[in-house]
Structures are given as C-alpha cells and as structure tokens.
Amino acid sequence: MIPEIGHFALILALGLAICQSVLPLLGAHRGSTAMMAVARPAATAQFVFILIAFVCLTWAFLDSDFSVLYVANHSQLSLPTIYKISAVWGAHEGSLLLWVLLLSGWTILVCRYSRGLPAPFSSRVIGVLGILSLGFLLFTLLTSNPFERLIPAPADGSDLNPLLQDPGLAIHPPILYMGYVGFAVAFAFAIAAMISGNLDQKWARWTRPWTTAAWLFLTIGIALGSWWAYYELGWGGWWFWDPVENASFMPWLIGTALIHSLAVTEKRGLFKSWTLLLAISAFSLSLLGTFLVRSGILISVHAFAVDPERGLFILTFLSIVIGGALILYAWRAPGLDSEAGFKPLSRETFLLLNNVLLVIATILILGGTLAPLIVEVFTGEKISVGPPYFDLAFIIPMLPLVFLVGIGMHTAWGMQAPSKLAQLIKKPAIVAIVLGIALPFLIYGSSGALLVVGVVAGIWIMIMAAIQPIGYWRKNGTILSMPRGILGMSIAHFGVGMFVFGVVIVSSFSIEADRGLRPGETVNVAGYDFTLKSLDDIRGPNYTAIEGNFEVRKNGAFISDLRPQKRTYLVQQSPMTEAAIDAELERDIFVALGDPLGDGAWSVRLQYKPMIRLIWLGAFVMALGGIVATSDRRYRATGREH
Amino acid sequence: MRYLFPIIAFGLLIGVFIKGLDPERDLNALPSPFLGKDAPAFDLPKLKNPSERVSSSDYQGVVSLVNVWATWCVGCRQEHEFLKSLAQEESVPIYGINWRDRREDALEWLDVLGDPYIASGYDHDGRVGIDWGVYGAPETFLIGKDGTVLYKHLGPLDRVRWNQDFLPLIQEELENIK
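Protein sequence lines, in the order shown, are assigned to chains A and B. Numbering of the first sequence is given in my numbering, commencing with residue 1 and proceeding in unit increments. Numbering of the second sequence is given in my numbering, commencing with residue 1 and proceeding in unit increments.
Treat the hints as calculated values from the structure; they're not laboratory data. Keep in mind that a hint or two might mislead.
[As the list claims (entries may be wrong)] Coverage of chain A stretches by chain B, computed from C-beta distances (three or more under 8 Å per stretch; other residues unrestricted):
#, stretch
1, 319 to 326
2, 363 to 375
3, 518 to 526
[What the hints assert, rightly or not] Listed below are several chain B residues computed to face chain A (Cβ distance under 8 Å; list not exhaustive):
#, residue
4, L4
5, I7
6, V16
7, F17
8, W72
9, L110
10, L113
11, L150
12, Y151
Bear in mind that the values here come from a model prediction, so they are computed numbers and not experimental data. We treat Cβ as the ideally placed atom computed from N, Cα and C, and that holds for glycine.
This is chain A alone, in the form it adopts within the complex (with noise of 0.2 Å):
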C-alpha cells in the first residue's frame, strides 16, 4: 500500500508540474495576474507530494519492503539503518527521486524569497522551473519509476553496493545535487529575461545569490566525493579525471566563472549576453552530466544501470531545454548588450581574464571527455584519453588564472592607476617568492621548479586574499561589519590558495611504500614506526573482516593506533578495503591491510601524505566564502525595492 501511495503522489506532482510551468508562463504573457498566481501554490502543493513520495519510498526501505523491486535490488535486512536512508539514493531509480524532490525544494525557496519581484518575472522563473521539474517526473514515471513492484518478493534483498556504505558517500550524492539542481534557478533566471527581453543590473544582483549558494553546495559535494574516493578505493588517489567527476567539475568551473560575471554585470552592466550564456551552460553542464551517467554512453565507475531507453529520454528532454535555451539565446541575446567599454587596466579586465580561462580548461575537459565518443562516432577508431591528458590541460590555463587572482581582487572597476596597484602588490609578490623558495627546503628538505611555482601560488593567493579583511580589522577592530560580499571573495580566494599550496605539496611529498609485515614486526616509513601488534577475525553488521592493529610512533612517541580492515560483504561477497588514517592538519598517515603473503604475513600499504587535509579544506573553505557572500545584506535588500 505504502509503495503505491508513494506512486500515486508521484503522479499527481506530475499534474501539479504541468499547471506550474503553463498557466504562470500564459498569464505572465498575457498579463492575467489570476493565472499567474497560481505558481506559487502549484509549487508548493508539487513539493509537499514530492515529499510524500519521497517518505514512502525511505519507508519501504526501513521496513525492508522487498515486494518494491529497487527496495529489493539495493537492501538487505541487516544493512545498517543509516544506509538503508542513503540506500534510497544508492541507485538510478531513488536518485533521481532526490533530484526532482531538491529542484522542487529549490523552487519553492525560490517562490518564497521571489516575493519582492515583479510578478510576470518571478512567474516565468516558476514557470520555467516547472518545465524541468515537469521533464523530471515524467522521465521518472515512464522509465525509472522507483516503486515497481517485484511479485513474489524475495525473503532477502541482494543489499546495496558495499562501496557506497560508507557515511561519506551517504551525503554526498544529496549535496551534490544541491549545487547541480541549484544551477536550474539561474537558468530560470536566465531564461526569464530573454523572455521578457528585459535584463538590467538589478537582474544580475537577483541571480547572485542564487547561483552562489548552488556553487557553494556543488563545492562541497565535489570536495565530499573526492575525500571519498581517497579513503575508500584504499589507494590515496584524491581525483582520477574519471568521466562522471569530470561531470560535476565542468558545471563547477562555469559556475565560478557566472559568479564572476554576474558581478560585472551588476556593477558595470556589461558582460550580458555573456553572463546569459554562461548561466544556461551551468545548468546545461548539469544536465549533461546526468545524461553521461545515466544513458551508459561513457564508461565509468559511477555508471548507473545501462538503458538505451532512459538514454534517448533524457536526450530528447536535453533537446528541448537547451536547444530551446539556446535559440531563445541566439534571437534575444543581440539587443541586450550595451556598448559601454573599459580600460585595460581594470577589475573587468581581470574578471573577463578569468572567465575566458575557466571555459578554456572547461572546454579541454569537456573535449578529454567526449573525444573517445566523438572519435569512435566518425571514424570508428577507439581511444582513450587518461589523467596526463586532464592534468596538463587543466593546468594550462589555470596557472595564470592563479597569479591573476592576487591582482584582480584589488583592480578597482573602470579604472585602475597603475603605480597604485604596484605599490600593493610589490611586498606580497616579494613575501610570497622567498617564502615559496624557503619552506619546501625549510620543512621538506628539497625543491623543484614546478613546486615553487605552485608554492609561491598558494602563498601568493592567501597573502593577497587576507588583505582587505586583515586592512578592515584594524581599521575598525572586527571583521564582523565588513560588507560580506567582500568579507565572501576574500575567504574563497583564501580557501583557494590553500587548495593550491595543498595539492602541490602532496604531490611532491608525498611517500608510499608497500611491505610485507608479520605480527609483532616493525617497520619505518617517512620517520614513522608502524607496528603490526595483531591481526584479528571481527564481525560487522552484514560483513565478515580481518582488522590489522598498528599502532604508530615517531622518535618513540606515541601517535596513534590504526586499525585498517579488510572486509568481506556476506550478500554481494565482494571484498572492500577499509583504511585506517590518521589526520593531522599537516600531514595524513595512512595504512591499507593488501593482501595475506603465506606464513601470517600480510602485505600492507603506508603512506605519508603531507598537507593532504588543505585540499579538501580550501574547499571547504571556498564554500564558506560562499556562505558569507550569499549572506550579504544587498541581497535580501531586493525585495523592498518594488
């Protein structure tokens, strides 16, 4: 009964979907405020049976409802409870449930904080939303309908992917799609102007927020999924350029780079055709990487179930959303840009540099991504494009990018007197250069020069970065009252540079080494005694394992015990690796049970791996400046305004 009633819900949010995308769409043509007032309701009634649907589905999975065919395929009666939740969005079928319910959740925040709008905008930007959301549900109902029942039932499910059991991967499929789905309110926003061929600069500062708060959710979900993948594939890997990551990073890169233009075209009103473009691209990025893994047309680890079916309907839905977003774009577009100009030396100067840069490394990763595709699809020839590909054409156009950052964020607009900036910067670049030349020798006792490219970087960024708040605090002696939306820049920046000095130092730093280790033997690695104490059975809630007992000293000093396992799960009889860290700020010990090399000894793989932290710490650190940003008073100033 439950499953059904989820079903049922389903289909009337589908009903509800389609009164929300045409009759606010018509009445803000037609100028009927009757017609358009409906969004609102629609929207919220869409949600709340979203909603529904969504708890009966977690419903059957915690009862362990096995007559409900994906309850079936991705439970088993003693998964612990907390993944028995993830478990609802383990798979093709639940995730996409948790995307429709997120873009409705979206929308009805959008419908609440829209209020001070013009009534035909805020109705076409519900109505545009309604549009997807109605795509969505009907993809969902027609090919991947997540209540399907499975007649008899099995006694026992076949349990969920021993991989995703991990409370790493439990969030980071939601957050992630946060920032995916977050990216439809820009476009809707987008798609609301060139409709009523009406964009100004009030237009960009509503976008703003929007779009940052998808941004800062997407970069939490990537820094989650990539922490993940580092811990969990048991190899200390932390990005593999793999199809589906590159998935998520482009609309990552042509978000950071809409942030950046929106913020031109609300100080200057210039970059508009622009910023539009980029503001469909985000979402377009998004879709497409829902395609790329669902349609099974690249290969990947995070493949989804492969069906030619659900390929050509999301295809077809593509089709029509962006294709339809692009010629709305190719006939609107003309009139909205301005003629106005700027100086070479100015803070648009800086940020077009940076826009022209992130859709260049977009446009290679996109390329490295789709080229086995396109080269098989012309001329049936196979190739394959790997990591070195990836990391030379994402470094290419990114390391200007990082140098310009320490400058553009002190360019004033319009025009910038050249001996000023000069003066600003000549003692950071200094500090910055000797800085980047001394501690690699000073902590890791050598250098390359590649490394002190990258180290100056990072140092360079977060020097120029705490600049203004530092500048701020003791001017007025807290940061607290600085205006947030440069309060926000600064800490991203911030968080930027520590990503850059993070992953330089791992990568140069870094040490591994595998070895044979019976019970009671000592090994040394990077200055650290790993001691194999023992090797012990244990018993989890649905797998069987062997726990390795190091424990870990440096100089005779205690640091910490480490119990990496090897596991086997009962049901699916995979075996998973399960390292143990250790984690400091400055460094990560890392320790991965291998394999049984006869007489009780195991191999065992010990890694050092310095500043690791820093890479998923600047991310973080970039979504807070996004939090604060998108906090800023302007913001929330708007709906007084009409």
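Since the structure of chain A is provided, determine the placement of chain B on it from the hints.
What follows is chain B alone, placed relative to chain A:
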C-alpha cells in the same frame, strides 16, 4: 552571427550523442566482427619478464579470460579483488593485457594488490588494444577452446555479472566440446 554559435555547437553535440546512443553500438556486447570469430592474435613481452613473450597461442585449447587493465583505471581497481578470487578458484586461467601503462606502475600494482594473472602482456602503445577493439579499460574477453571470442564484458567485472553472463557460456562450451 556569434550569438548563433552556441546553438550550432550544441546541435553538433546532440548529433554525436544520437549516434552514440545507437543500439547497434552496444558497449557491453561484442562489436560484431569478433563475436563467435577468432580472437585477434597477439604477441607481447611479458610485464614481469620482458625477455619472455605471452601470446594468444598460450591459451589454445583452454577456455580462458583475457582481461585488459591499467593502473590508471579506477574500474580495474574495483574488479581486481574479484579477479583474484576467481584466480583462487582456478576455474579459468586469466591472461592480462596491461594497456597503455607504465611498466613500473603496473609491477608495483601487482606487487601490492596481488596478481591474478597467469601472465600479463605489456601493451605500452596500445596496439593490441586497437586490434582487440578495446574501448576503455577494464574489458574482459571470454575465449573458447578453439580460440573464438565467446563473450566480452566492458567495465568492472563482479560476481553477479560473472554468474549471469560468463558461467552459462563456459558450461555450454565445456559440454559442446564433449
């Protein structure tokens, strides 16, 4: 005109996707030229001992697996444990083609994670991969006693897919020969 560029580029991309979704191009099924036909011959230096060779004649007369792998491939890492358990059961010999990889990386990988392969050939420039129509690692070919390709699986292999797609074919093959 420049405002038309985005829609034109997008149109081209959609064209590629439509061709890519063509059901004929079923990634998991074997490209038709090989199904039921002789597997392409190969002759490669052994990964562990470059002075020796591993070639398609090594597995003549035996049902065997040929697994294309690389250290840069996440899916290979994922299926590695399963391949090892398969090797322990000793039901089917597994030959590896180490594809577009660096020898030292590959050797370290086998050292750390264990080696399920009878032998791995070192296909550094991916030439054998092209002969075999390798789309992306990992790929696993099931080769019959007479050297024909019985099945190809693309992506990480696991117990479920093994039981479902490989075992019936192996049993059928063994019975047919009798």
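For each hint, the structure was consulted:
1. 319 to 326: Since 4 is at least three, the answer is holds.
2. 363 to 375: holds (count 4)
3. 518 to 526: violated (count 0)
4. L4: holds, 5 Å
5. I7: holds, 4 Å
6. V16: With Cβ-Cβ at 5 Å, under 8 Å, it holds.
7. F17: Hint on B:F17: holds, closest Cβ of chain A at ~6 Å, below 8 Å.
8. W72: holds, 5 Å
9. L110: violated, 11 Å
10. L113: holds, 6 Å
11. L150: With a minimum Cβ separation of about 21 Å from chain A (threshold 8 Å), the hint on B:L150 is violated.
12. Y151: violated, 16 Å
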